[in-house]
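K.L.:
Taking the hints into account, I'd like the entire structure generated from these sequences.
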Amino acid sequence: NAGVTQTPKFQVLKTGQSMTLQCAQDMNHEYMSWYRQDPGMGLRLIHYSVGAGITDQGEVPNGYNVSRSTTEDFPLRLLSAAPSQTSVYFCASRRGPGTDTQYFGPGTRLTVL
Amino acid sequence: EDKVVQSPLSLVVHEGDTVTLNCSYEVTNFRSLLWYKQEKKAPTFLFMLTSSGIEKKSGRLSSILDKKELFSILNITATQTGDSAVYLCAPLSGTYKYIFGTGTRLKVLA
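Sequence order for the protein chains is A and B. Under this note's numbering, the first residue of the first sequence is numbered 1, with each subsequent residue one higher. Under this note's numbering, the first residue of the second sequence is numbered 114, with each subsequent residue one higher.
In case anyone wonders, no lab produced these hints; they're calculated from the structure. Please note that a few of the clues may not be correct.
Unchecked claim - Below, simulated EDC-like cross-link-like pairs (lysine to aspartate or glutamate); rule was C-alpha separation at most 16 angstroms, straight line:
id, chain 1, residue 1, chain 2, residue 2
1, B, K154, A, D38
2, B, K220, B, D196
3, B, K116, B, E182
4, B, K169, B, D179
5, B, K116, A, E59
6, B, K116, B, E139
7, B, K153, A, D38
8, B, K210, A, E59
9, B, K210, B, D115
10, B, K210, B, E139
11, B, K210, A, D100
12, B, K210, A, E30
13, B, K181, B, E139
14, B, K210, A, D56
Only a predicted model underlies this, so the values are computations on that prediction, with no experimental measurement involved.
P.N.:
As structure tokens, then:
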């Protein structure tokens, strides 16, 4: 199993550009989440999904969209990038409601100029 | 409002020392608490705790939860330079929402 994979590893955008961060898992996990990590702050939840076709907002959803058309994939879309979205983004997954252990992907470092 | 406080913020020790990292929390609908180790990349899972007073152990690392006093500790004995990392605790509020602390940065000197 590859676990949780994310692409790209690094990305630089200009203000106003849009892009999609990819996340995939091959563990057949129901639950998937996106977090951002900024210096001096804990990981903050952006959006999460509890299964294909079901998503919900987390703590900091503004400026981001998600969809979950398959169990494996959970892309995060930045609609119009802003410098405040410069961060490290982590995707995570866990099996489902009966298990609490969550596993993280390797992260994407995004810089918005 | 859900809150997690980790202490100390940072710690410098020498190899062989024992360290205790603290995590206090106030979350609604507490379900479990996870500990992670984060080196320069993604957090890696260490422990999940659900019951008070039951120690989880893995090698030189151990952790315990006190649900009455709302805290958890992570102990590392005989520290090694490879233990240098940021340690994160994350209580789970309800079914979906992990609340992450800002972490304790541990540096172990040879």
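K.L.:
Taking the hints in turn, state whether each one holds.
P.N.:
Each hint, compared with the structure:
For a cut-off of 16 angstroms, the pair hint linking K154 of chain B to D38 of chain A stands: about 13 angstroms separates their Cα positions. Restraint check for K220 of chain B and D196 of chain B: the C-alpha separation of about 8 angstroms stays at or below 16 angstroms, so the hint holds. Proposed proximity of K116 of chain B and E182 of chain B is supported: the alpha carbons are some 14 angstroms apart, at most 16 angstroms. Only pairs whose Cα atoms come within 16 angstroms are accepted, and K169 of chain B paired with D179 of chain B is accepted, the gap being roughly 13 angstroms.
For the hint pairing K116 of chain B with E59 of chain A, the CA-to-CA distance comes to about 13 angstroms; that is within 16 angstroms, so the pair holds. Restraint check for K116 of chain B and E139 of chain B: satisfied, since their Cα atoms lie roughly 5 angstroms apart, inside the 16 angstroms limit. Annotation: proposed proximity of K153 of chain B to D38 of chain A holds, straight-line Cα distance about 13 angstroms (limit 16 angstroms). Our distance criterion of 16 angstroms between C-alpha atoms is met by K210 of chain B and E59 of chain A, whose separation comes to about 9 angstroms.
At most 16 angstroms may separate the alpha-carbon atoms for a hinted pair to count; K210 of chain B and D115 of chain B meet this at roughly 10 angstroms. Distance restraint check for K210 of chain B and E139 of chain B: the Cα-Cα separation of roughly 13 angstroms lies within the 16 angstroms cut-off, and the hinted pair is therefore satisfied. Our distance criterion of 16 angstroms between C-alpha atoms is met by K210 of chain B and D100 of chain A, whose separation comes to about 10 angstroms. Our distance criterion of 16 angstroms between C-alpha atoms is met by K210 of chain B and E30 of chain A, whose separation comes to about 15 angstroms.
For the hint pairing K181 of chain B with E139 of chain B, the CA-to-CA distance comes to about 11 angstroms; that is within 16 angstroms, so the pair holds. Note on K210 of chain B and D56 of chain A: the hinted pairing holds, with a Cα-Cα distance of about 11 angstroms set against a maximum of 16 angstroms.
Consistency note: the structure conflicts with none of the earlier hints.
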